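A.B. asks: Spelled out from the first residue to the last, the chains are:
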Amino acid sequence: MLVARQLTKSFGQVEALREVSLSLAPGEIRGICGENGAGKSTLMKLLMGIIRPDGGTIEIDGQAQTIDSPQRAQQLGLAMVAQELSLAPHLSVLDNIWLGNRAVPLFHRRDKFRQRASEALRLLNVDYDLDRPVRTLTMGERQLVEIARLLVRDARILILDEPTATLSDVEIERILSALRALKAKGSSIFYVTHRLGEVFSVCDSVTVLRNGAHVATRPVSDIGRHDLIELMLGRSFEQMYPPPEPHKSTPQSLTVSNLHIPGAVFNFSVVAPRGEITCIAGQVGAGAVSVIRSLAGLVPEATGTIVLDGTMLPMGSVAKRVRRNVAFVSEDRGRDGLFRRNVLENVTAARLPEFTRAGLLSWAKLRHFGTEICRRVMLDTARLETSAFNLSGGNQQKLLFARAFGGKGPGVILINEPTRGVDVGARAEIYRLLREFCQMGYVLLMTSSDLEEVIGISDTVVTMYRGKAVNRYERSRIDMAAILADITHPTGVSRMAS
Amino acid sequence: MTTMRGIVLAALLVWAVLTPSFLSMPSLTALLTTASVIGCMAAGMTFITIGGNVMSFALGATAAASAFLFTALLNASGFAAAFAGSLVFGGLVTGIQGLVIGSLRANPIIISIAANILIYGAASWLTGNETIYAASTGTSQLLGGTIGGVPIEFLIFLAIITLGQTILSFTVFGRNLLLIGSGWTTAEATGLPIARTVFLSYVWAGVFAAISGVLLAIRYNQGNMALAVQYDYDAIAAVLVGGTPIQGGDGSMIRTLVGVLAISVIQVVLLLHGFEEEWRHLVTGLLVLLVVILYSGQRI
Amino acid sequence: MLSIVSSPSIRPYLLLAIVILLLAAVDFGHGRFLSLGTAYSALQSFSTFGLVALGLGLVMLIGEFDLSVAGVFGLAGCIALLTGPDHFWVGMLCAVGTGAAFGFGQGLLIVLLDLGSVPITLGGLLTATGIAYVITHNRAISSDNLDLAMTLNDPVVGLFSLRSLVALGIFVVAAAIFATTRLGRDLIATGSDRKAAIIAGVSVKKLLLGAFAFSGFMAAMGGAMLSYGLASATPSGLADVLVPAAAAAILGGVSLAGGSGTPLGIVAGILTLTVLRSGLNAVAAPPFAHDLATGLILFAVAVFDAPYLWRRWAALHIHFVYYQDK
Chain A
1 MLVARQLTKS
11 FGQVEALREV
21 SLSLAPGEIR
31 GICGENGAGK
41 STLMKLLMGI
51 IRPDGGTIEI
61 DGQAQTIDSP
71 QRAQQLGLAM
81 VAQELSLAPH
91 LSVLDNIWLG
101 NRAVPLFHRR
111 DKFRQRASEA
121 LRLLNVDYDL
131 DRPVRTLTMG
141 ERQLVEIARL
151 LVRDARILIL
161 DEPTATLSDV
171 EIERILSALR
181 ALKAKGSSIF
191 YVTHRLGEVF
201 SVCDSVTVLR
211 NGAHVATRPV
221 SDIGRHDLIE
231 LMLGRSFEQM
241 YPPPEPHKST
251 PQSLTVSNLH
261 IPGAVFNFSV
271 VAPRGEITCI
281 AGQVGAGAVS
291 VIRSLAGLVP
301 EATGTIVLDG
311 TMLPMGSVAK
321 RVRRNVAFVS
331 EDRGRDGLFR
341 RNVLENVTAA
351 RLPEFTRAGL
361 LSWAKLRHFG
371 TEICRRVMLD
381 TARLETSAFN
391 LSGGNQQKLL
401 FARAFGGKGP
411 GVILINEPTR
421 GVDVGARAEI
431 YRLLREFCQM
441 GYVLLMTSSD
451 LEEVIGISDT
461 VVTMYRGKAV
471 NRYERSRIDM
481 AAILADITHP
491 TGVSRMAS
Chain B
499 MTTMRGIVLA
509 ALLVWAVLTP
519 SFLSMPSLTA
529 LLTTASVIGC
539 MAAGMTFITI
549 GGNVMSFALG
559 ATAAASAFLF
569 TALLNASGFA
579 AAFAGSLVFG
589 GLVTGIQGLV
599 IGSLRANPII
609 ISIAANILIY
619 GAASWLTGNE
629 TIYAASTGTS
639 QLLGGTIGGV
649 PIEFLIFLAI
659 ITLGQTILSF
669 TVFGRNLLLI
679 GSGWTTAEAT
689 GLPIARTVFL
699 SYVWAGVFAA
709 ISGVLLAIRY
719 NQGNMALAVQ
729 YDYDAIAAVL
739 VGGTPIQGGD
749 GSMIRTLVGV
759 LAISVIQVVL
769 LLHGFEEEWR
779 HLVTGLLVLL
789 VVILYSGQRI
Chain C
799 MLSIVSSPSI
809 RPYLLLAIVI
819 LLLAAVDFGH
829 GRFLSLGTAY
839 SALQSFSTFG
849 LVALGLGLVM
859 LIGEFDLSVA
869 GVFGLAGCIA
879 LLTGPDHFWV
889 GMLCAVGTGA
899 AFGFGQGLLI
909 VLLDLGSVPI
919 TLGGLLTATG
929 IAYVITHNRA
939 ISSDNLDLAM
949 TLNDPVVGLF
959 SLRSLVALGI
969 FVVAAAIFAT
979 TRLGRDLIAT
989 GSDRKAAIIA
999 GVSVKKLLLG
1009 AFAFSGFMAA
1019 MGGAMLSYGL
1029 ASATPSGLAD
1039 VLVPAAAAAI
1049 LGGVSLAGGS
1059 GTPLGIVAGI
1069 LTLTVLRSGL
1079 NAVAAPPFAH
1089 DLATGLILFA
1099 VAVFDAPYLW
1109 RRWAALHIHF
1119 VYYQDK
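These protein sequence lines map, in sequence, to chains A, B and C. If you read the first sequence in my numbering, its first letter stands for residue 1, the second for the next number, and so on. If you read the second sequence in my numbering, its first letter stands for residue 499, the second for the next number, and so on. If you read the third sequence in my numbering, its first letter stands for residue 799, the second for the next number, and so on.
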């Protein structure tokens, strides 16, 4: 039905997809698996015409096709639920379900559209008021509206890019059964997911991507859970992650208690000792990212108590954190990690007042300091004057860590996704850097949606599900299966709560 | 981009010098005095643009009101008080806008439009739309003169540019302003003092606009609210033509100086070539469009 | 209560009602404000910049801005009187054609080069004004066709004029199209979340082009009609239309962030301003009263819509209430 050959796509210096070929048969549900940054979403966006490939061809029903826009993709019978929701918050549920649908005529207020929308929602076993603005729905509810939009598209090829990230098991099962019904009617489906359980419960076959390349495609009946994980990782643990070295144990730490963010995080507490890497593990939407952001002072509605080395750190003020040497590494470098200025200005941004004399900046001192810290994070000092946006993902990430150097005494680094969009080589360097910070006595508190990374780098793991802490694992007790169970299907009484 | 800018400027200069009578005194002097008034306002506008707040529609009104205030104070209590008073006025009126924009992230364009209406409204309330004439001209007339053939107004403009560039290059405030303009959310996550910096950038913009108002008052020996109408547009045109991108986060006072001079030179050359005043508007407009389009290719 | 005031679908009408009530209260017993004359003059100024506000409002609805409306407004007035001093339809056609083409050209630059609309339309504003200066040789032009001017402005049933009827008619059509067709929905989606709209399959580029062409068209229509109504045009004299048009759109519930606003809301926004103007005139308030009132309302709306207002409020609330309780 669909055949893609040699699809290639680069973003700047990052090769996101390298000569990936795959095909899909009528009535087939194909799982697409891979780590973060493996190229899954890029591949799906290419098929949907949201981005254009640098090379390669796509055939549908034996005809070569150029898919240059989502409208063209729709014409060819494709429909997609993107990873980031594509609903217009100001529009109603009804309008969002039909938004962009080619079947809708110019005068679109017709009863049959209301009926079909209701039917689609009923199939998902939900009953939203069709005239309610989408902005009043929760993320999970929105995800179901998005699926309803997919259902009314009458598409032959459906793409679902991690559609279940914020949903409960019951809701997920409803979506899966809706997909099975579509399959029975002859639709083919690409199903991108992190949850291996879903692969085995709904998919006929699975394609594994790694670092932008196709690794393998197998029928689900021929492959076990363990094989699949092995295919996804494809490298040994030990090379990647430096072992923790013994450090002076100090009583000092970053202690967070009763952190509360309305609607997102509930009564969360964590202790992150100096010289160790503490990791909050949770799925997208579980609240781990919000915990780090609120500790960084970026969530005004957050309440709770933060104590650093015995002294209170007030909520909310970023400037006060900078003075206590608390640095934040964002999960989205383009949005709130980098300035569109050169490397030197980026690494020194928070410390300018330290380099003034009589109110005027000393550029010589500033450059000296910038060179010094760039060297420490292994960033090419010849590129001090290069715009930060022209660096590779790995170098950009190192730049964010460089900001944490300096100041009086060891500080705190709050990290969301330490290696997102970073190639394998630079990843190993960043992990080494994290250990170096530990040696210097920094507190490292991080989140990651990459489970393998969580297990490889952490000294302590706190699992999180739907805004609440589930369990806490010390180094020797860190175990992939237990953590995975915690963050997807928490069962039994939480050991932390007691 | 830098080389291209250089080539364009060189070509412009050659064209100007080859134009008969360009180098003769009267046209040059006229050029420099006109450039100075717009230039001071453009220097103020540069702060706003660099900080990521696009432009202000209220600087022209602020300059006119400052000219009025300057003349009134000059008649009442002498030059020093008049000068200081109008600068404080400009900084205050514009600073209030900066306060709302910096701390609440109110839309800078709407705020400046509202301020524009309010300033004209308040001025017509307080002055009854009258023109006030300078009674004695002593010190202030001195500023209308020349030193070695160069108008003093232009020297003041150069001083403003130097001051502005020093602020941008060598103070924490200036560097923070560039950083904030280049990434608001990043600045927030890094803990830069956004509200204070944006507020200060507007204060400076207001002070510089007030200086251009004072220059106007000195040149015409009067103050009235019709003096600086539409100067906002000339000022932002100069900033953009000089090469400061409207997205903010980059730019300099030197570029604004170049922009002001380039537009003025073109204007004089066009006049000397027999094109009437009206062509200046068209050429300026096209130039701004061209610069904006050229910059699209080099989004960093 | 606050949610009603901050809701863009109610606030415009609320503001209009407040303005009318206040003016009526001030004028109580004099009968100057609630008169046919005041309504007529409010509608006259409605027709002057209402059309501009409609075009600009639409562009703002999709999350862009069009500074060039002021330039196109003035330019169209000049073109109308130059091309058709005695032939209304010829002049109108040339004027609105130019306006639409100018807007379309700007839209094309914005779409093709992926540029911000503020810099492009700023260039467009200066260019349009420049063209107006050049074609008029920097002089005011006037037409001898005073009959036409009279016809356009003569009161119809005491309240309307041909000009204001045309403007109202356009608004009725726009509101109907907006409410009943896919177009309105797609415009809101584009302004609400552009990336989402693209992924959903909305032709965002076509909408952008259309919105800018429409904005140019509307500005040109307003400018040309005014010039015929006054029987004169100047290249610079009409440039102060941007401020009231933007103010009207914002008071009408169009948010600068995009995604909210309707033609009917814009009508309420314009009427708020024009009723204020005519009403203050009627009650013999000094001329600056209108400026001060408009400026203050606009300032208040901008502060009220500021994205960090509630954030600062929440921070203060947590600081003083939450932690004091502990």
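Worth flagging that the hints you see were computed from the coordinates, not collected in a lab. Incorrect hints may appear among the rest.
[As the list claims (entries may be wrong)] Stretch by stretch, here's where chain B covers chain A in the computed footprint (C-beta under 8 angstroms, at least three residues):
#1 36–44
#2 292–306
#3 329–339
All figures in this text were calculated on a predicted structure; none of them were measured in a lab. In this text, a Cβ means the ideal position worked out from N, Cα and C, and glycines have one as well.
A.B. asks: If a hint holds in the structure, say so; if it does not, say that too.
C.D. replies: Each hint tested on the structure:
1. Coverage of the segment 36–44 of chain A by chain B is violated in this model, with 0 residues showing a Cβ closer than 8 angstroms to a Cβ of that chain against a need of three.
2. Look at the segment 292–306 of chain A against chain B: 3 of its residues bring a Cβ nearer than 8 angstroms to a Cβ of that chain, three or more, so the hint holds.
3. Residue count for the segment 329–339 of chain A with a Cβ under 8 angstroms from a Cβ of chain B: 6. That meets the three needed, and the coverage hint holds.
Of the numbered hints stated above, the single one contradicted by the structure is hint 1.
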